[in-house]
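Trainee: Residues per chain, in single letters:
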Amino acid sequence: MTAPAQASEPESGPAFADRVKALRLQEYALAIVVVLLFVVGSILKPDTFPTWDNVRNMLTQASVVGVLAIGMTFVIATAGIDLSVGSMVAAAGVFGGILVGTDGTSSLVFIFGAIAFATLLGTINATAVAYARVVPFIATLAMFSIARGLALLLNDKLPVSLLDLNGGSFGNPRPFSLLWFGNGRIFGIPASVYVFIAIAAAGWIVLNRTRYGRYVVAVGGNREAARIAGVPVKRIIFSVYVLSGLLAGVSTVLLCARLGSASPVSGNLYELDAIGAVVIGGTSLAGGRATIVGTFLGVLTFALIFSLMTQLNLSTEVQQVTKGLIVLGAVLLQRSDARS
Amino acid sequence: MTKVLEIRNLVKEFPGVKALQGVDLDVLEAEVHCLLGANGAGKSTLIKCVSGAIEPTSGEILFMGEPLPPGDPAGTLKLGVATIYQELDLVADLSVAESIFLAHEPRRGPLLDLERMYRESAALLARLGHESIPVRAKVGRLRPAAQQIVSIARALSGNVRLLIMDEPSAILDDGEIRTLFDVVRRLTAEGVGVVYISHRLDEIRRIGDRVTVLADGRTTATGLPATTPTDQLVEFMVGRKVDQLYPERPVGTDRVLLEVRDARRLPAVRGVSLQVHAGEIVGLGGLVGSGRTELLRLIYGLDQPETGEVFVEGKRVRPNRPGHAIRRGLGLAPEDRKSQALVLDWSETKNVTIADLSRFSRVLLDVRKERASAHKQLRSLNTVPDDPDRIVRLLSGGNQQKVVLARWLLHQCRVLLLDEPTRGVDIATKAEIYRIISNLASSGLGVLVVSSELEELVGICTRILVMRDGEIVAEVDGNDATERELLRHAVAPTDAPELAEEVV
Numbered sequence: 614m615t616a617p618a619q620a621s622e623p624e625s626g627p628a629f630a631d632r633v634k635a636l637r638l639q640e641y642a643l644a645i646v647v648v649l650l651f652v653v654g655s656i657l658k659p660d661t662f663p664t665w666d667n668v669r670n671m672l673t674q675a676s677v678v679g680v681l682a683i684g685m686t687f688v689i690a691t692a693g694i695d696l697s698v699g700s701m702v703a704a705a706g707v708f709g710g711i712l713v714g715t716d717g718t719s720s721l722v723f724i725f726g727a728i729a730f731a732t733l734l735g736t737i738n739a740t741a742v743a744y745a746r747v748v749p750f751i752a753t754l755a756m757f758s759i760a761r762g763l764a765l766l767l768n769d770k771l772p773v774s775l776l777d778l779n780g781g782s783f784g785n786p787r788p789f790s791l792l793w794f795g796n797g798r799i800f801g802i803p804a805s806v807y808v809f810i811a812i813a814a815a816g817w818i819v820l821n822r823t824r825y826g827r828y829v830v831a832v833g834g835n836r837e838a839a840r841i842a843g844v845p846v847k848r849i850i851f852s853v854y855v856l857s858g859l860l861a862g863v864s865t866v867l868l869c870a871r872l873g874s875a876s877p878v879s880g881n882l883y884e885l886d887a888i889g890a891v892v893i894g895g896t897s898l899a900g901g902r903a904t905i906v907g908t909f910l911g912v913l914t915f916a917l918i919f920s921l922m923t924q925l926n927l928s929t930e931v932q933q934v935t936k937g938l939i940v941l942g943a944v945l946l947q948r949s950d951a952r953s
Numbered sequence: 004m005t006k007v008l009e010i011r012n013l014v015k016e017f018p019g020v021k022a023l024q025g026v027d028l029d030v031l032e033a034e035v036h037c038l039l040g041a042n043g044a045g046k047s048t049l050i051k052c053v054s055g056a057i058e059p060t061s062g063e064i065l066f067m068g069e070p071l072p073p074g075d076p077a078g079t080l081k082l083g084v085a086t087i088y089q090e091l092d093l094v095a096d097l098s099v100a101e102s103i104f105l106a107h108e109p110r111r112g113p114l115l116d117l118e119r120m121y122r123e124s125a126a127l128l129a130r131l132g133h134e135s136i137p138v139r140a141k142v143g144r145l146r147p148a149a150q151q152i153v154s155i156a157r158a159l160s161g162n163v164r165l166l167i168m169d170e171p172s173a174i175l176d177d178g179e180i181r182t183l184f185d186v187v188r189r190l191t192a193e194g195v196g197v198v199y200i201s202h203r204l205d206e207i208r209r210i211g212d213r214v215t216v217l218a219d220g221r222t223t224a225t226g227l228p229a230t231t232p233t234d235q236l237v238e239f240m241v242g243r244k245v246d247q248l249y250p251e252r253p254v255g256t257d258r259v260l261l262e263v264r265d266a267r268r269l270p271a272v273r274g275v276s277l278q279v280h281a282g283e284i285v286g287l288g289g290l291v292g293s294g295r296t297e298l299l300r301l302i303y304g305l306d307q308p309e310t311g312e313v314f315v316e317g318k319r320v321r322p323n324r325p326g327h328a329i330r331r332g333l334g335l336a337p338e339d340r341k342s343q344a345l346v347l348d349w350s351e352t353k354n355v356t357i358a359d360l361s362r363f364s365r366v367l368l369d370v371r372k373e374r375a376s377a378h379k380q381l382r383s384l385n386t387v388p389d390d391p392d393r394i395v396r397l398l399s400g401g402n403q404q405k406v407v408l409a410r411w412l413l414h415q416c417r418v419l420l421l422d423e424p425t426r427g428v429d430i431a432t433k434a435e436i437y438r439i440i441s442n443l444a445s446s447g448l449g450v451l452v453v454s455s456e457l458e459e460l461v462g463i464c465t466r467i468l469v470m471r472d473g474e475i476v477a478e479v480d481g482n483d484a485t486e487r488e489l490l491r492h493a494v495a496p497t498d499a500p501e502l503a504e505e506v507v
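Quick mapping for you: the protein sequence lines, in order, are chains A and B. Be aware that the first sequence starts at 614, since it is given in the numbering used here, and climbs by one per residue. Be aware that the second sequence starts at 4, since it is given in the numbering used here, and climbs by one per residue.
With the rest of the complex left out, here is chain B (with noise of 0.2 Å):
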C-alpha cells in the first residue's frame, strides 16, 4: 500500500526544550494511524510540524513521496493535509457553510457565490452521513460534536489525502464518538489516510489500525498492531523512568492558614467551605467544568462573590481585590501561565518582583536590590539557566512556572494556589515542581492545588477534595487515594463505568 506520509528522525528544539527527539511515524493510505503518547510527549509538536504551524529544526516529512513545505500552513493544506486542532478553532457567528469555506469561499466574478457554497457544504456533510446539519444555521448554535463534523467538512472542502485529528474526542459523549468514528470509517474507505492523536487506549482498539506510541519526544514503538495489548502499550508510554517522581507526601498540622465559608458565584461555583492547614497540600480534583478554577478565582478575589467570605490567618480578606488578597498572604499561580501569569516581554526579574515591589522602593526603585533579590529565590528553585535578566518569553514551560513561583517566594506569602501547575512541563521537570511545592508545605505554608491528573493529586497531597457541578462531594486521606476512586466521585455515579475505562 501507498505511504500518504513518512516522517523520519524528527527533531524539533524549543529553547530549554528538546521537544521531539527523534520521531518516526509511517501513515498508509485508507488507515487510522493512532498516536499516543502522554501528556507532554511531543504529540501536539508532531502534528504542528507535519501542518505546518512550525518547522521542525531537523529531520524529513515527506507526503506522497515529497517534502511537506516546512512552516506553511496553507501551502500544506493545499497539498491534501488537513489538520483538525483540540481545540475547535470555529467562529461562532459563521453559519455552517461560510465556516466550511472559510477563506477559499466559492465566486462569482467578485461576489460570493452563495447557493454554491450551501449546495457543496451540503454535499459534504451528506458525504459524512451527516446531511442533517442545517447549512445557514450559526456554528455557536451547534453541539460540540456537531462542529467536529463542520471541522472535518472544511477539512475535506479541499482535496484531502491525509487528515490529522487532535484529540477529537475529548470534549465528546459517548454517543458522540460513535458518530465521529463513522466519519473516520467513511473517510478511510475513500482511501484518506487519518492520524488519530488519543490518550485514551480503549478508542485505539475501537477505531485505529496500527499504533504509534510516543514518550518524552521519541517513538518509542511505531507501527505497532491496534491489537497490541494495554499493558505492553502503556509501558511503551512511561518512556524513561524517573527516579521518585513523587516526594515524601507532607504531614499537615492543626493550625488553620486558610478558611473558605460558603463561597458561592452561579453557576460553576454553588457553595464550597474548605480549610487549608499550615504544612498541607490539599489537591483540588475533578472534571474540567466543575469549578474549580473558578472557586481558587473566588478566593484570591479576581471574581466578586455571591456569598461567602475568605479568611487568611484568622483575617478576612476583602472579595475581588487581589491587592488585599496579596497582602493577607495569598498567591496565585494560575492555569495559563502566559496568558494570566507573566509579561512575557519582561525579564525573570520584572516577573519576580511586580507583586512586591514595594520591598524595593521608597520614592524610587533600587534596581540593584531587586534584581539580588530575584535572583537569590530563581536560583533557589535552580531555574535554568541562571540568568535573572533572561526574557521569560523564552524560557521553557516548567522555568515560566519557576518563575512564578519565585514571585510568591519572595513575597513570603502564607498559602499558595496552584492551578495546574505542571501543565505543560516536561516529566524531569515535574518532579522537581513537586518537590518544591512538597518543600514550601513542609517550611509550613498551606498549599492548595488543583489539577486534572488524578495521578498527580493522588502522588503529592495530604488530602483531596473532590469537586463535581461546583460543590465538594468527597473528601479524600492522601495515602489512601486511587485514581480510580477520584475519578467515581467526579463523575455523576450513572456515568461513572465508561469514563473509568479512560487509562492516564
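Bound conformation, chain A alone (with noise of 0.2 Å):
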C-alpha cells in the first residue's frame, strides 16, 4: 500500500513539452516538409513538377486516399486499426458497376451502390470489433481478404467499364455525374479535390467541436476512464469502423470515376498509403491522440514524394519500398517521441 504520486513515471519533467503543443509544432513541421518537397521538385524537374497540369494531376490521385485516411484517422484515434479499406474500395466499386449493368443508366445508382456496400462491409467489422470483441488488427485484416475476394468473385475476376454512363467516353461528364467526380472541375480544380477538401473539413469539426469526437478520442486515450466518465464505448468503437466503410465507400467513387471503369485489383495497399498519412500526420497508433490537419499534411507529403519519384523514373517497386520505410520511420519517430 505505498503507491505514493510520487511512484509516477519518471518520463514526465519540466522539460517534457505540452503534448497539444508539440502535435501543432509537428504540423508546422509538416506543412514545411509540404513546401521543401515541392521547392525540390520544381528545382529537379522545372519542366514538368510545377506545372497545373502535375498539380492537378497528383491533387486528383490524393483525394482517393485522402478520404480514406480521414476516415482512417477516426478508427487510430480509437488506438485501432483498419487493414481493410483497400479491398472495400475495389468490392465496393464492382458492386456498383454490375448495379449498373450495361444500359448505363443513372450514376446515382452506382454512386449509392457503392457507398452502401462498403458501408455494410465497414459495419461487418465494426461488429466483430466492438461487440464479437476481434482485435482490429484480426477482424479488419479478414475482411481485407473477404472483401478481395468478394471484388473478384462478383463479375468473375474482370473490371466493369462504366463509361456508358456517358455515353461511352470521357467527354464532358454532366456535373455531379459519376465521371464528373474523376474528370470535372470547378474552377481549374478537380472535382474530386473538393470531396477530399469538404471531408477533411467536415472530419476536423467532428474531431474537434463535437461531443462525438471528444468521445472517439477518449476511447483511445483510455478506454477504462472513458467508460467510467459515461463514454458509451461499445458504440463509439462500432461508429468509426462504420465511418471508415463509408468513407472508403466514397473514395471508391473517385477513383471509379477518375478511370471510368471498377477493377477488383484497384485499390491495392491503399490501406498502408492511408495508415501512412495518417501516421506521418502525428496520429497516435496508439490512440488518444488525432489531428486531422496532419493528416491532410501526411497526404499531401505523400503525393508529392511519389508524384516526384515517378518523375526521376524510378520504379514502382522503389516506390512501395520507399513508401514502406516512410510508414516505419514515422512510427518510430512517435515511438521516440513518446518515450522522450
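Errors might be hidden in some of the hints.
What the hints assert, rightly or not - A partial selection of chain A residues facing chain B, derived with a Cβ cut-off under 10 Å:
| # | residue |
| --- | --- |
| 1 | 814 |
| 2 | 818 |
| 3 | 822 |
| 4 | 826 |
| 5 | 827 |
| 6 | 830 |
| 7 | 833 |
| 8 | 841 |
| 9 | 843 |
| 10 | 844 |
| 11 | 901 |
FYI, nobody ran anything at the bench for these hints, they're computed from the structure. Every residue gets a Cβ at the ideal spot worked out from N, C-alpha and C, and that includes glycine.
If you follow the hints, you should be able to join the two separate chains into one complex; please do so.
Mentor: What follows is the structure, encoded as C-alpha cells:
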C-alpha cells in the first residue's frame, strides 16, 4: 500500500513539453516538409513538376487515398486499425458496376450502390470489433481478404466499364454525374479535390468540435476511464469502423470516376498509404491523440514524394520500398517522441 | 564493517511534488536495515532510485564505495543490487526455473540449457531452504509465499551483495512471514546486506538490526537500533505536524439519496444493502479483498450484478450502464486515477468535462465556455498550477484527484463514490481533500468512501460500514469509532489478535 504519487512515471519533467503544443509543432513541421518537397521537385524537374497539370494530377490521386485517411484517423484515434479499406474500395466498385449494368441508367445508382456496399462491409468490421471483441488487426485483416475475394467473385475477375454512364466516353461529363467526380473541374480544380477538402473539413469539425469526436479520442486515450466517465465505449468503437467503410465507399466513387471503370484489383495497398499518411501526420497509433490537419498534410506529403519519384523515373518497386520505409520511420519517430 | 550502500542527501522531484528532499542511509554488510515510513513518505521512490528504475534529481548513491549508474536497472542488477518489488512481477505461465533465469537464461550455443537451468534453480532454492518448491511447476500455481521465494531466488541468480525488499510481508500470513525471515537470515549470514521495507513496527524488532525512518521525503532518523521503543519510532514517522488534518465531521440528514438493496455478484459481493443520506460521509472499511471496490463498481453500473437494485433519490439506476448512473446523479472517483479516471495526455479541461459534454454542445462544442466552466471548478478546488490547459500527466497525485473531483462538481452529482481518495497523495493535500469532501457533504451531497486507511475513515466519516468477505458485518458511528475496533470487525475473529498488532 505504498503507492505514492511520487511513484508516477519518470517520463514527466519540466522539459517535457505540453503535448498539445507538440502536436501543433509537428503540423507546422509537416507543412514545411510539404513546401520543401515542392521546391525540391521544382528544382529537379523545373519543366514538368511545378505545372498546373502535374499539381492537378497529384491532387486528384491524393484525394482518393485522402478520403480513406480521414476515416482511418478516426479509427486510429480509438487505438484501432482498419486494414481492409483498399479491398473494400475494390469490392464496392465492382458491386456498383454490376448494379449499373450495361444500359448505363444513372450515376446515382453507382454512387449509392458503392457507398452502401462499402458501408455494409464496414459495419461487419464494426460488429466484429465492438461487439464480438475481435482484435481490430485480425477483424480487418479478415475483411481485407473477404472484400478482395468478393471483388474478384462478383464479376468473374473482370473489370466493369463505367463509360456507358457518360455515353461511352470521358468527354464532358454532366456536373455531379459519376465521371464528373473524376474528371470535372470547378475553377480549374478537379471536383474530387473539393470532395476531399470538404470531407477533411467535416472530419476536423467532428473530431475537434463535437461531443462525438471528443468521445472517439477518449476511448483511444483511456478506454476504462472513458467508460467510467459515461462514454458509450462500444457504440463509439462500432461507429468508427462504419465511418471508415462509408468513406471507403466515397473513395471508391472518386477512383472509379477517374478511371471510368471498376477493377477488382484496384485499391491494392491503399490501406498502407492511408495508415502511413495518418501516422506521419502525428496521430498516435496507441490512440488518444489525433489530428486531421496532420493527416491532410500527410496525404500531401505522400502525393508529392511519389509524384516526384515517378518523374525521376524511379520504378514503382522502388517507390513501394520507400513508402514502407517512410511509414516505419514515422512510427519509430512517434515512439521515441512518446518516451522522451 | 563494510558499507554496502551509502546514500547522501538524495533528492527526487516530480512535477508538483518533492518526493525525496534529502535522504541519508547507510547499509552495512550482513545487516538487515529496516526502512520505516507512513504511506507516501517516499520509501518506494527511494528504492526505485537505488534500483535504477528512476533517476534521482540530485544526491549520491554509492554501492561498495562506487556510484551506481543512475537510471540503469539492468546495470545496477549486474553490479549486485537486486530489488524485489511489492507487486510480484512474475509471469504466471512460466515455470519456476524459467522465472528464476528470466532474461539471463543459461545457454548451450543458441539453445537453452534447460538441464543446467533446472539444476541451478534447484540449488538456489536449496540455498534458501526451499528445495521443496518444484522447479518445473508453473509459477501461477504456487502460493504467494512460494512465489516470493522464487522472486528472491531470481534476485540471487546473479551475484547479489545488496537485496532490497519492498513490503515483502504485505501479502503473507504469519507462518509464511516466519519462513521469509528464515530466508533473510540465511542471506545475511552469507554477508548480503538487506534493505527491508515495512510499516509494521512489530516486524522490525523481529528481523531488523537497524532502522531508518522516512517522513515526507526526509530521513527523520537514521541508523537507530532495532530495539528503539515503538513510541519513539512513531514520533519520527509522523514528521511534519499538519494542523487539523481532519475537518469537522459532517452530520447527516434524514433524506435518503442512495439506496442499495441486496447487491450481489459472487464471489466478491454477497448481498449488500445500504443507504447514504444527504449530508453524510459514509465510510466502507475492511481489508483488501473484502469486496468494497467491487461493491462500488456494482452501484455505479460497471459490472453486471446477479441480484440487487440501486436507487438515487428514489429513482432506479439501470444495472451495468455507467452513463445512466451518471445521469441519475452518481459520480465515481476510482481507485487508480491514472488507469481508470484520466486520459493522461489530455488537458485538465477535457478531463473535467468529459462526463458532462452535453452541457457545452448543441451541434458543436463551445470550447470557450467549456474551458471557462472547467477552470471555475478547478479553481474552487485550489488546483495547482492554476492552468486548465495543463496536461494531467504532469500533475501530482493530489491535483489529479482534484481534476476528478472537479468533474463531478461540474456535473452537480448527488452522490459521490470515492475509492481510496487519498492514495498516493502527500499529507498536506490529504488534509485539503478531506476538507473538500467534508464541504461537499455539508452542501447536501451523499458521499460513500472506500479506504484502506482506517485512520482516515475514523477521521472523516459520519458512519462507517465494515465489510468482510463480501458482506457488511458492522456499522460504527464515526464519533465512537477507533481503528482497533474497525480492524477487529474487518478480520475474522480468530486472526484478530495478531493483525491488531499492526500499527499505522
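Trainee: Quick check on the hint: residue 818/A CB to chain B CB, less than 10 Å?
Mentor: For residue 818/A, the interface hint holds, since the closest Cβ of chain B sits about 7 Å away, which is under 10 Å.
Trainee: Holds or violated: is there a CB of chain B closer than 10 Å to the CB of residue 830/A?
Mentor: Interface hint status for residue 830/A: holds (8 Å vs cutoff 10 Å).
Trainee: Would you settle whether the hint for residue 841/A is holds or violated, based on the nearest Cβ-Cβ distance to chain B being less than 10 Å?
Mentor: holds (6 Å)
Trainee: Does the closest beta carbon of chain B sit nearer than 10 Å to the beta carbon of residue 901/A?
Mentor: holds (5 Å)
Trainee: When the nearest CB of chain B is found for residue 844/A, is that gap smaller than 10 Å?
Mentor: holds (7 Å)
Trainee: Does the closest beta carbon of chain B sit nearer than 10 Å to the beta carbon of residue 822/A?
Mentor: holds (5 Å)
Trainee: Measuring from the C-beta of residue 814/A to each C-beta in chain B, is the shortest one below 10 Å?
Mentor: Cβ of residue 814/A sits 13 Å from chain B, so the hint is violated.
Trainee: Tell me if residue 827/A is really an interface residue toward chain B, meaning its C-beta lies closer than 10 Å to one of theirs.
Mentor: holds (6 Å)
Trainee: Against chain B, with CB atoms and a cut of 10 Å, does the hint on residue 833/A hold up?
Mentor: Because about 9 Å separates residue 833/A from the closest Cβ in chain B, which is inside the 10 Å limit, the hint holds.
Trainee: Could you check if residue 826/A really has its C-beta closer than 10 Å to a C-beta on chain B?
Mentor: holds (8 Å)
Trainee: Given residue 843/A as an interface hint, is its Cβ closer than 10 Å to any Cβ of chain B?
Mentor: Holds, about 4 Å.
The structure does not agree with numbered hint 1 stated previously, though it agrees with all others.
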